[in-house]
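Take these sequences, add in the hints, and give me the full structure.
2 protein chains.
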Amino acid sequence: MSDLSDAAKRLLLGRPVRSDRLGHTLLPKRIALPVFASDALSSVAYAPDEILLTLSLAGMAALVISPWVGLAVVVVMLVVVASYRQNVHAYPSGGGDYEVATTNLGKNAGVTVASALLVDYVLTVAVSISSGAQYAATAIPALRGNEAVFAIGLVVLLTVVNLRGVKESGSLFALPVYLFMLAIGSLAVIGALQMLTGNLAMAESAGLELAPDAAFDQGLTGLAGFFLILRAFSSGCAALTGVEAISNGVPAFKKPKSKNAATTLALLGLLSITMIMSILLLARATGVVFADDPETQLLENGQPVGAGYEQHPVISQLSSAVFQSVPFVAVLVSVVTGLILVFAANTAFNGFPVLGSILARDGYLPRQLHTRGDRLAYSNGIVTLALVAIVLIWAFDAEVTRLIQLYIVGVFVSFTVSQLGMVRHWTRHLRTEPDPTRRTQMKRSRIINAVGLTMTATVLVVVLITKFTHGAWIAILAMVVIYVIMQSIHRHYALVREELALGTDTESARALPSRVHAIVLVSHLHRPTMRALAYARASRPQILEAVTVSVDPEDVDALREQWETLAIPVPLRVLDSPFREITRPVLTYVRSIRRESPRDLVVVYIPEYVVGHWWEHLLHNQSALRLKGRLLFTPGVVVASVPWQLASSEGQTGLEEPVRGTVPRGY
Amino acid sequence: MSDLSDAAKRLLLGRPVRSDRLGHTLLPKRIALPVFASDALSSVAYAPDEILLTLSLAGMAALVISPWVGLAVVVVMLVVVASYRQNVHAYPSGGGDYEVATTNLGKNAGVTVASALLVDYVLTVAVSISSGAQYAATAIPALRGNEAVFAIGLVVLLTVVNLRGVKESGSLFALPVYLFMLAIGSLAVIGALQMLTGNLAMAESAGLELAPDAAFDQGLTGLAGFFLILRAFSSGCAALTGVEAISNGVPAFKKPKSKNAATTLALLGLLSITMIMSILLLARATGVVFADDPETQLLENGQPVGAGYEQHPVISQLSSAVFQSVPFVAVLVSVVTGLILVFAANTAFNGFPVLGSILARDGYLPRQLHTRGDRLAYSNGIVTLALVAIVLIWAFDAEVTRLIQLYIVGVFVSFTVSQLGMVRHWTRHLRTEPDPTRRTQMKRSRIINAVGLTMTATVLVVVLITKFTHGAWIAILAMVVIYVIMQSIHRHYALVREELALGTDTESARALPSRVHAIVLVSHLHRPTMRALAYARASRPQILEAVTVSVDPEDVDALREQWETLAIPVPLRVLDSPFREITRPVLTYVRSIRRESPRDLVVVYIPEYVVGHWWEHLLHNQSALRLKGRLLFTPGVVVASVPWQLASSEGQTGLEEPVRGTVPRGY
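Chains as they are written, first to last, in full-length UniProt numbering: chain A, 1 to 667; chain B, 1 to 667.
Calculated directly from the structure, the hints in this document are not laboratory data.
Glycine included, C-beta positions come from ideal geometry on N, C-alpha and C.
Not the full set, but computed from the structure, chain B residues with beta-carbon under 8 Å of chain A:
(1) Leu632
(2) Ser641
(3) Ala647
The following block contains the structure:
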């Protein structure tokens, strides 16, 4: 079995990579941009849609203000990008917001940020993949209704790719991201030219009317209207996620790491802003009508369009209009958009395991998450991320509009805490920095971060107010739970560390047990028992005895007789078992030895079968395993497993398949 | 956790029972009759129904012959009871048909019988509980449509009761069984009196017409009609199941075991025959019309009665008619019948674990099934039976008519093989028996068993022919699968036993390893490591070294420095790990020692944490456990776990809760 699973692992993950090759997996800018920017860029595939469908609740007139909402998002984006450029310069080690918060605001702030980011990474995967599945369903009608299953399949695929390691997935993802930039760029440029020359066609939904929600039959007037605009803005802020991915990923950049990361970040902001504004303006120009619930909200000749109507995503509608004369290109734009969304989830697959590993290193998560897998990827973190994302996609049936309500709370929590930390950072460094040039720089940075703090804190409040009851509470609850769990784990590790520490009294820890009292557990007199007896004798304990439990008196008599016939030079002790148990009499006996001679060490030798097939476990070792587990609770006892390799285990070495090229053949 | 689960176990199962109290759980006849006879008796709750609904396919006229079909069943019953009275006298040890077949016809015949019986025990539970659930649904309309869930709940309840041990469940079940006998007895006697005095009311379904199936529009004429009668007879033979339960349960009787068992068997046969004939005759007298598919088959004024019609079981219909003037008693009869069906499943809960344990003892099933639980019940067998029955009930949606098609094939396979075995048994004993009186007795017994063999073999053929395509093939397939699995397990244990046997060359098995090379695995220098070093030193191996794996060079340097500062008198060896693995470098090193000095014993000391909570396992020991599993594959290696009891494990003794009364307090 072990051989088979190793072979399968090898097939899926490729050959293991040596530690000293770690440097080779660093990313040049041209690869880092697509790897880390795909999340933020891809959000133009759903952020404009969410702005439009939120505004649609207030009817046709409301749709017209969508570019203004977009502009508000752009302003936030500019501020956040400027702020984070300060971060990557100040903290190039990849701890990102977590490190910034921990260093400047203390551990609890760090754990808060970490909880928020972990939740948001999961949501990045869930939202991007779900949106990608919806684009795919637009193109492939057979997928309609099965988006969730398809989305889960995509997550599994991404997981496998990422378990193979970061560099290969980087190259794999670079091309589609550039294709996407090209697609949206062409759409924007050609659409703008058509508009200027008066040749821009109308969108497929342009002829439809919108039936406003009963609550908004007066349009965007009053407090309700204002709140709706804020909600649209909140949804649009989904475009900002992904910025922090770069600040967490600085170590993956080629040197000079910080400078390259900052440049990539600026580039990303610029691209993102251009795309989102182009799409919103083009949507207004082509008259796109986009509704939350198209079946009932959209009217054709005064009647609802009904279940037969298929509402295509905004980018699909725009490309159909702009590339009317070349339908092939129109389809291509949709396909590339769908692809990029799937690939965007990869950002989280890069960021989440790194953060998980850092948290594990700091003792906030189980140590296994800090163990690098065969391919230098943080395998455990990748698998954890994938599993939770799959659960979310399943629970929300891959519906982007419902998932997006949970999204971005986490991002803005970490934005806000991190910016507060940065302000503190500069203040602290200004106290000791004598160089006037650098002081000026630092002061400028502090102002940028303070503006960032104000902005992100405001957005966080807006998001909380407008989205809490719509689903954000789930994300907040998840953060609180993760926060509590991480603090508990940290406390547990600290307690254990304290408990295990040598302290000053190293003498008592060195004290040797006065004698060794060895016990060999015997059920039958066969070769494994003989081996256990031989090994126990070879260790020359001061006291050595064989012990058997009397469950069936006839069996015991037979054993005694055989013992004498073979003249085995070890005394055989029989323990009574009125309740036909094996474990309890042995435990009781071991404890009685310990009670009589507390300074003795008791070594219990247990013959154990090593089997070759999983089902053989059901047929062997059950009593031995149970006893072993119980014996370990008794202080002063060592449990020595004496393995007997059954023929079925032959050929299984316990080693994984040897690695070609690094280990000599025949090994 | 261990404490909690022990407490829960104690609450559910009661206190454990000592082996020497085993004699106290033996059953007097007045308790044994209800415990072992409830299966056979309860089948009158569905066997007459199945006879009637099978005949109903051929229309009204066919129903009239139902008592004759019943009479055929009675004849088979008489013969089988007479035959099995010979069995319990000849084989009082409780192996029943399995033992008879194994002793007289060889192991393969024994395993065949065992497979058949195991399948049938499961079906006894499934059929009885499903029928009970249907009676319950007749009384409690809320259960209708949820019979399967209710039935599964009942199986779980029975499981808990039986895990508490056989005696208490015996007393628990005695009262309802006697109530049931009283109920059916009163029904028969009062009904007969009413008939004689001309006061017998007609049944609720008496006015209805039957629309015969298209295949039987000529009634019971021709070959098809004959086959239908045979099918009705086969279904009626369900009344015979339960006879073998007594022959498997002889050891649970009080002494004289065989005589008491034989008397109980005769009593059971008599009761069963009386009940089934009374019900069939009363059904004819009250004009009960009972259909396979009442909605379409039953006509009222020439029209199908439709989905609104509720077909009550025959016993319910009869008690409504007989106890017309006291509706309370009528309902009571139905309730008691429903109860007895549920309790009937208990017969299988007594028989299955005993058989499973015997099969485990003989090496046909995993050894765990031979382990008695705390309460002298064969816990593992009980749980296995319950799980499989639950799956069946779920799969067949608790429909008795579908489940009954699978039933009784197994019983008649074991009847037939067992009777063949008994004929051989007497023939063999007659060869050596000189006493003429006993020879006459034996010859009489042989004739009885030969008649039994002829009868059961005939019925088996009839059952196979009439039911194979209706579902019996599933039961046969299950038997074949179980047969193959049991033979494989037996072969596996035999191979292992051969592999482990000492043979004649006990000298080589005694050879001691020339030297002991001890290795202490070290990750950090804390108290568990110090303890492992101390224990290893106390065992005075010829070679002792500490070994650490270099995953992070900084950690290793720190460890080395601490090692020197504390002047630990054991050399520290550092193993390289280019792939950041722990397991492989250690394995490779151990194998290199074994290669250089093949006669040395390598003892690997692994410090291990003992934790108090299950979740702590996720935080500790992961690398150690993995390494241990792998090391055991290497010959000549002993893995010594040096436990370190974390504070959280305190108070957990590894022992279960002490037993009041048998172990001194404060223990």
